[in-house]
Amino acid sequence: MKHQRNWALFFFLTPVILWLFLMIVLPHIDLLIMSFRVENDAGKMVWSLSNYTQFFEEPIYWRTFARTAVYSIIVTFLTFVIALPVALYITKVVAPRFQGFLTLLLLLPFWVSELVRVYGWMILLRESGVINHFLIKLGILNKPVEMLYNDVTMILGLIYTSMLFMIVPLIAVLESLDNSLIEAAYDLGANMWAILFKIIIPHATPGIVSGSIVVFMLTLGNYLTPNLMGGKNSLWFTEQIYNQFIASFNWNQGSAFGFLLLVLSSIVVWLGLKLTRQTLRTVVK
Amino acid sequence: MIRSLPKSNVYSIGFKLYIIFYFVFLFAPLFITCVLAFNDSQFPSLPWKGFTVEWFTANRSDRVGIFNDQINLDSIWVSAQVAFFVTLFSVVVGTCGAFLFEQENFRFKQPLYFLMLSPLVIPGVILGISILLFSNTLGTYFETSWNLDVDLFRPGFWLVVLGQFSFIATLVTLVVSARLKKFDRTLEEAALNLGANRFEVIWHITLKFLRPAIIGAGAVAFLMSFENFNTTLFLVGYEATLPINLYLQVRDGSTPVINAISFLLIIGTSTAAFLHLYFSKKED
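Protein chains in written order, with the working numbering: chain A, 1 to 285; chain B, 286 to 569.
Bound-form chain A, shown alone (with noise of 0.2 Å):
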């Protein structure tokens, strides 16, 4: 007996060790390794902090990094703000029978790629696009306006694909908000907002972290809408990781990159998490 669960065990631990340490352990410590590589004069590659100075001195750099982490945790702020009272609303106001529906519906289109999305955003709103198609016929405009390629845009085009993981974690902790608490805030006076920061936020504080991180990550790191819906002054981290990597070809800075943004990810989470008093194993439930 004791010798068959080792046996399981060892069948089980093997893929996960293999999983984990080959494809997450390992390149990670190559990419800080890398990052402290650099090839001088002689063309040979030796130690150095200079793909880490190179970030500091050229503003360019460190500018696009803190505008990235600044617009990230804008859109995760506007995304919440949006998407609790539409959570509130399929929690709390709808008919029951309504609910399921209503919900599907809100999931339907982030099964869609995201490619998709922002090219239908693309359409909608570049200079021969639909809207401005509209609001000629309609008089508003009497000629197009190119309404994609600025920072506005983009941020929309944020918040609409990292939509979702705010409301799902936002509903599912909603739903196990017990209505009589509403009920007895009201019958004992409490007005609207009262009840909105007295009693359904403080409840939803599980829901709102791990949608904020996810979110915050998932805008973070994203590369498609940046690149996309921004304007050619709208550069996003990402996008200097990918010109490092793949446009100049030196795999060394990119690294420092990636590294950096992967710190300023992890602090992120970990403040989130530290702040709220939360631990990230009940976050992922």
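Derived from the structure by calculation, the hints contain no laboratory data. Idealized CB from N, CA, C, for every residue including glycine. Treat the hints with care, as some may be off.
With a cut-off of at most 30 Å between alpha-carbon atoms, the simulated DSS-like pairs for lysine-lysine come out as follows [to be verified]: (1) 92(A) <-> 467(B); (2) 92(A) <-> 301(B); (3) 334(B) <-> 137(A); (4) 137(A) <-> 301(B); (5) 274(A) <-> 466(B); (6) 274(A) <-> 394(B); (7) 467(B) <-> 493(B); (8) 334(B) <-> 143(A).
Each pair of labels, with its calculated beta carbon distance range [stated by the list, open to error]: (9) 342(B) <-> 152(A): 37 to 45 Å; (10) 441(B) <-> 45(A): 22 to 30 Å; (11) 18(A) <-> 533(B): 32 to 40 Å; (12) 56(A) <-> 437(B): 34 to 42 Å; (13) 248(A) <-> 333(B): 39 to 47 Å; (14) 435(B) <-> 17(A): 19 to 27 Å; (15) 144(A) <-> 437(B): 43 to 51 Å; (16) 437(B) <-> 263(A): 23 to 31 Å; (17) 468(B) <-> 192(A): 43 to 51 Å; (18) 353(B) <-> 58(A): 47 to 55 Å; (19) 344(B) <-> 247(A): 34 to 42 Å; (20) 485(B) <-> 17(A): 20 to 28 Å; (21) 320(B) <-> 101(A): 21 to 29 Å.
Following the hints, put chain B in place on chain A, whose structure we already have.
Leaving out everything else, chain B in the frame of chain A:
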């Protein structure tokens, strides 16, 4: 605020309007993409020039529909193959992971569990570059040490499969674990008492119980792989997957063929979503 409380008219109408607006926001881009797939125009834009299915079926010099567009068809085939292997690998390894973390006890279980979760918080781009780097390091090592040229270590089909597998396996592990938690272990004990060995128990009893979760996780894995862009971008060789191929076309100007492909994708994925929901409802 909620159903049982009295509310003013302005409030409930305002709320309804907001929800309607939200759903319009959600569906407008998909709806317009589908509609313009049937517009008889060279560009995916209005005005409406009449209904046509030529962007699916045509085969002329100025207009090639998706069913005759070899490049796009090839990339769909590549994506399907990638997704098949990713699903296969991640379901096998993910199920092992579920058994490992739910039913086994060993030292360092907790740290390994966190390591298993980590792909969820690593941006896809970073996974892509680190796997690219590591495979390149291995490739160089094999070449200089043993003069072996291993194709696997170059950007291409198998590297894309491995890159996607690395985070989709986490997802499968979590989904299968959730189901395994609900498993009544007295059933296993009964089978063991009746003389079955541990592998027979897993094969005949536990895996039967897990089947719906495994199929569901497999379906999600397939879809995630089919649509993956971020990780694939760095690992792709000359065989482009569909998202990469579409991205290149969208970036460099587009034709309604992309709308036709998108239409097929939207129809396909919504059918899959409905089926998935239908079967998971039935299971409950």
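Now for the hints, and whether the structure bears them out:
no.	hint	result
1	92(A) <-> 467(B)	28 Å, holds
2	92(A) <-> 301(B)	13 Å, holds
3	334(B) <-> 137(A)	16 Å, holds
4	137(A) <-> 301(B)	28 Å, holds
5	274(A) <-> 466(B)	27 Å, holds
6	274(A) <-> 394(B)	23 Å, holds
7	467(B) <-> 493(B)	13 Å, holds
8	334(B) <-> 143(A)	21 Å, holds
9	342(B) <-> 152(A): 37 to 45 Å	39 Å, holds
10	441(B) <-> 45(A): 22 to 30 Å	25 Å, holds
11	18(A) <-> 533(B): 32 to 40 Å	34 Å, holds
12	56(A) <-> 437(B): 34 to 42 Å	37 Å, holds
13	248(A) <-> 333(B): 39 to 47 Å	45 Å, holds
14	435(B) <-> 17(A): 19 to 27 Å	22 Å, holds
15	144(A) <-> 437(B): 43 to 51 Å	50 Å, holds
16	437(B) <-> 263(A): 23 to 31 Å	30 Å, holds
17	468(B) <-> 192(A): 43 to 51 Å	44 Å, holds
18	353(B) <-> 58(A): 47 to 55 Å	48 Å, holds
19	344(B) <-> 247(A): 34 to 42 Å	36 Å, holds
20	485(B) <-> 17(A): 20 to 28 Å	25 Å, holds
21	320(B) <-> 101(A): 21 to 29 Å	23 Å, holds
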